[in-house]
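Enquirer: This is what each chain is made of:
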Amino acid sequence: METAWYNRWLEAFAAKASRPWRLAAFTFLISLLYPGTRFFLLAVIFIVLVVKSVEYGVKNGKWWGLKALIGVFLFSCLVYAAAAAEAYRVARYRRALGDTIPLDLKTGIYEAEADGARGPVHVQVEIIETGLSPTGNLIHRIDSPLELHRETGSIGGNAIKELNYRYRPGTEKIRALNKDLITRRLDQAMDSIDGITGATLTSRAYRKAVKTAIIKAHRTPKKLSTFTHFVYFFLKNEISKISFNTLAIIFILIVFFDYTLQGLLVRGTGQAVSCMNCQTCVGACPVKRVELDGKEYAFPMDMVLAARLGDYELVKKLSWFCVGCAKCSGKCPIGISAPSVASAGVRFLKAREAEKEKADAGGGRHG
Amino acid sequence: MEILGTITLLIFIVTLVATLLGWIKMPVQTVLIGITLVNIVLALIFFGLQGMADELRLVPADVIGRIILHPVTALLGGLFMGGVLGAAGGFEAIKAIVNRLRKTPLGLAGTLVILINIPLITMLPCGRIIAAALLPLLFMFGPEGSGTLRKTQLIVFIAAFARNSFGSCGPSPVGGVAQIAEGTLGGATFPDAAAGILRGPQVFSLMIGTAFMALFIRFVTKRLYPEDTVQIKDREGGVEPEIKVNWKGYTSLIIFALALLTATFISFIPSLKFITVQAIFVAASILIIIVCRVSLGDLMTGIILMPATAMVAGFLAAGSLYPTGGMQVLQSIFKGLAAFPLLGVVGTLVILVQAQTILPLSCSRILTAVFVPLIYVFGKGVGLTDLQIGIVMAAYIINATTSCAPSPLGGAGMMAEGQLRAETGYLKGAFSFTSLAVMAPLAAVFMRFITLDVFARNPQTGQMMFTATWGHLGQTILWSLVIMAAAYGLIVVMSRLITASLGRNRKVLIASFGLGGVLCGISLALALRLGEPVAGTSLGVSLVQGIIGGIIAAVLIALMIQVSFAGPPLKENVQAVEG
Amino acid sequence: MFTFIVFIIAGALTGLITTYALDMKTRKELAQGTRGGVIRAKIRALLGPKKMSGRRGASPGRASHRLAPTKEIWQTKNKKKTSRR
Ligand code: SF4
Ligand code: SF4
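Line by line, the protein sequences are chains A, B and C. Under our numbering, the first residue of the first sequence carries the number 1, and numbering increases by one thereafter. Under our numbering, the first residue of the second sequence carries the number 1, and numbering increases by one thereafter. Under our numbering, the first residue of the third sequence carries the number 1, and numbering increases by one thereafter.
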């Protein structure tokens, strides 16, 4: 019988991608879908690797694997620390913009521009150390040197002059602005900068420029770097934030899904997936109970189940007990034929072994 | 909309019945998913042709959205736990403990009673888990093992155990079937009740139902094998079942018990509410895996996939009925039935309660997804009070959870039949009968008198109150005794009438089922009546309606089961043992 | 409490019936069966939801947790969305 292409493909997949690889692939997929689980899954993989390398070390007396893992661990700690430091700074900055935590301003004069009615409005914000605010630095004055823009003489120019006057050092306005910056969000604080009647556009540009200048004066960069983004892709939601339930569900789903997948991959054993452990076949079978390697099996149901799990060695051993009377398939409520499932499993096992031999022989020639 | 709903509903029902009768030989899950796909395609075509863009867009979301995640994942957690327990040898430990009980004052009889009720105590989410593990042990009591029990006794024993197993999925806190209904009731009617309003009635009627299953099978088997009166072997001469258990088994059992207790009591600690049953059971399973060094492969052999797939498929199929309007059509059908004067609301409710026993699928979760919302909406529609809906739901759920036992589609009852080497259908009659005539009425009575009084809300203060009195207790016991006596009488009379002739047996069975239906109808009508008048009918009328509904349901059930009274071959085994 | 009483009575009764159905009819065996039934009923009553044992009053919302995880999954999703913004 000609094997359909998808069957060949599936069986190749089943033969190549053994269970650990499939589990790893699932894990990766889940980690893409559920950010909350990434850290945990990584940790699990790491622990498994550690256990494996310890086993290897005990067996062979070579500890390079464990050493490498410790190195990896230390290195990732460093990487994480670097990323966390950056993230902390960004978080503080963001909170400053979004919440009521004071800005952390550097001293100096900061300049910025924004489009006004007839041209750019240029603003200088001078920040000096005062010791009054929690961060130590405050806005000293806001200035908009008239020579730097073209609003001279017009309404806008007068407005700017007025503003420059209002926000000269030591005024009530400057004090209010500083207080607003400490207690309110940046946007709200900017809103409190006066608008000059009749020069709306100019006032707006003035405000915008002041805001940009203040952001420039802030100690930290505005955004996370790509590096931190990358690290945080894996570690963003640490274990404390993980919903237990999501994890539990995902764990079960992975295990279930993988263990049913095997039956679907191999031609002829797919029907085993729908077995519902009803044991009707056991009642019909003349063999019924098989003792193998000290374990008792309900025959042929356990053979079908072994095929579903992909334990083809067991299927092979169990299939020796079958007398091929097909009483079981007649009785099974969903028509699973235990002997045909078993033979399909054994056939797959043989094919896999043959392929392995071929590969080994091929490897030998090249080596 | 109407046409589309009718078509999808027809597809759903016809396909299901065809599967049930064996015309379609495919797993129910596959059939259901097929139904879902066909329904979706139909809906898309229909809405597409009509240019109903909004409905079109809603179809996929509506279908997927019907899958309630909590019961599914809780069930997965429970199945996982079961697999781990089996792999670690926890069930062996149960066997050893029970075996030891025989030397205590409980003696053999007490031990057997406890053994029969083990599923009810462990409360795993699917009866198959414990049945698969313990059935072989039960056989060791029979003539092939220690010879403690005669073959007829063994049959009774296994049957009672099976009844107990295949109802124990109802009251389970780990993804039990009743959780679906509890969610529905708890969400709207008894806001505080989702934690297990249906557990009490379930357990109560399951205990009694188990005993009646034993009685039923005893009388039938006695009739069929009158000659089986001697012990095949001397008790002393028999081989005692030898059970080897290591510490792993006991450890896993202890962890399981702790997890069960935690899952039951954690709802009383508000700060720990975020930990759910699934998490507890997965954590316990992982603990067992680590402590007892269980391999994943061993574990997976023990896991029974079927209930989980059945549940999801059921939700999907039910989901495909919603956007297409099949649900409304179904509802209007039952409304039409209720408008029929002879049947009335009570009669319709009796039929609805028995719906799953009429259509026994391999897992009750499939149809529960359809019927629970249906009963709720129907009840509201015909003006039942909240309490009355609660009563109907209790009776419905016990019937639903026990419906996997008599199913011919690889239902759990086949497990016991297969083990007994009986003809398929030997135990079916008894399974259905206990569901119909004993368990549903008792659940309704218990719900009415005991449980609902706990969960009732004081209309003035809005506080939960407990109003049950000694009078209620007395009434519960009285009613239960009356129902049990009636069922006992029915069983005795029926067993007198059956012979070796199949045709005659069938008639006897239909007749006695009809009487069982009458019993169910009367008790349900009374239980509902004791609250307030049902939909404005007088007591006499609702009694008559209940009786008629009960008879219709019972006859439908009797027609659905292909009964064979050909029991397990006795002679063959005697020879096998002797030879 | 009433649940407990009903369970015990039902347990005793069903223990008796089951023993009888198992064809064990001596007085001693019937007593043993009854005892077994009672023990089983006690265990089961213990494991039931505590609401059944007739406590007065209840903390609001205690029961709704059973449906919580469904919500929670979506909630965590939503939370993530908002935090990303
Ligand atoms: S075909 Fe094999 S497994 Fe099936 S009943 Fe016959 S002997 Fe048993
Ligand atoms: S009869 Fe079929 S469904 Fe039942 S256990 Fe056997 S193979 Fe599985």
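One thing to keep in mind: the hints can contain errors.
[Claimed, not checked] With a Cα cut of at most 35 Å, we get these calculated DSBU-like pairs of lysine-lysine:
(1) A:Lys-350 - B:Lys-103
(2) B:Lys-248 - A:Lys-317
(3) C:Lys-25 - B:Lys-222
(4) B:Lys-222 - A:Lys-331
(5) B:Lys-248 - A:Lys-52
(6) B:Lys-335 - A:Lys-295
(7) B:Lys-25 - A:Lys-295
(8) B:Lys-248 - C:Lys-42
(9) B:Lys-335 - C:Lys-42
(10) A:Lys-161 - A:Lys-173
(11) B:Lys-507 - A:Lys-327
(12) B:Lys-25 - B:Lys-335
(13) B:Lys-380 - A:Lys-327
(14) A:Lys-316 - A:Lys-59
(15) B:Lys-507 - C:Lys-25
(16) B:Lys-248 - A:Lys-288
(17) A:Lys-316 - A:Lys-67
The set of hints was computed from the structure by calculation and includes no laboratory data. Note that the structure is predicted; figures quoted are calculated from it, not measured.
Enquirer: Now tell me, hint by hint, if it's right for this structure.
Expert: Hints and how they fare:
1. Proximity of Lys-350 of chain A to Lys-103 of chain B is assessed by CA-CA distance (about 52 Å); at most 35 Å being required, the pair is judged violated.
2. At roughly 27 Å between alpha-carbon atoms, Lys-248 of chain B and Lys-317 of chain A fall within 35 Å of each other, so this suggested pair holds.
3. Restraint check: the Cα-Cα separation between Lys-25 of chain C and Lys-222 of chain B comes to about 15 Å, which is no more than 35 Å; the hinted pair holds.
4. About 27 Å separates the Cα atoms of Lys-222 of chain B and Lys-331 of chain A, which keeps this hinted pair within 35 Å; it holds.
5. Taken as a hint, the Lys-248 of chain B and Lys-52 of chain A pair is honoured in the structure, with Cα atoms around 24 Å apart against an allowance of 35 Å.
6. With a C-alpha separation of about 56 Å, the suggested pair Lys-335 of chain B and Lys-295 of chain A falls outside the 35 Å cut-off, and the hint is violated.
7. A threshold of 35 Å between alpha carbons decides the hint, and for Lys-25 of chain B with Lys-295 of chain A the separation of about 33 Å falls inside it, so the pair holds.
8. Using a Cα cut-off of 35 Å, the hinted pair Lys-248 of chain B and Lys-42 of chain C holds, with the two alpha carbons roughly 27 Å apart.
9. For the given pair, Lys-335 of chain B sits about 43 Å from Lys-42 of chain C by alpha-carbon distance, which is inconsistent with the 35 Å threshold.
10. Of the pairs offered as hints, the one joining Lys-161 of chain A and Lys-173 of chain A holds, with about 15 Å between alpha carbons and a cut-off of 35 Å not exceeded.
11. As the CA atoms of Lys-507 of chain B and Lys-327 of chain A are separated by approximately 31 Å, the hinted pair is consistent with the 35 Å bound.
12. Pair hint Lys-25 of chain B plus Lys-335 of chain B holds up; C-alpha atoms about 33 Å apart against a cutoff of 35 Å.
13. A C-alpha spacing of about 50 Å is found between Lys-380 of chain B and Lys-327 of chain A, which places the hinted pair above 35 Å, so the restraint is violated.
14. For the hint pairing Lys-316 of chain A with Lys-59 of chain A, the CA-to-CA distance comes to about 31 Å; that is within 35 Å, so the pair holds.
15. For the hint linking Lys-507 of chain B to Lys-25 of chain C, the alpha-carbon distance of about 32 Å falls within 35 Å, and the restraint holds.
16. The straight-line distance between the Cα atoms of Lys-248 of chain B and Lys-288 of chain A is roughly 28 Å, inside the 35 Å bound, and the hint therefore holds.
17. Distance hint between Lys-316 of chain A and Lys-67 of chain A is unfulfilled; the C-alpha atoms sit about 42 Å from each other, more than 35 Å.
In summary, the numbered hints that this structure violates are 1, 6, 9, 13 and 17.
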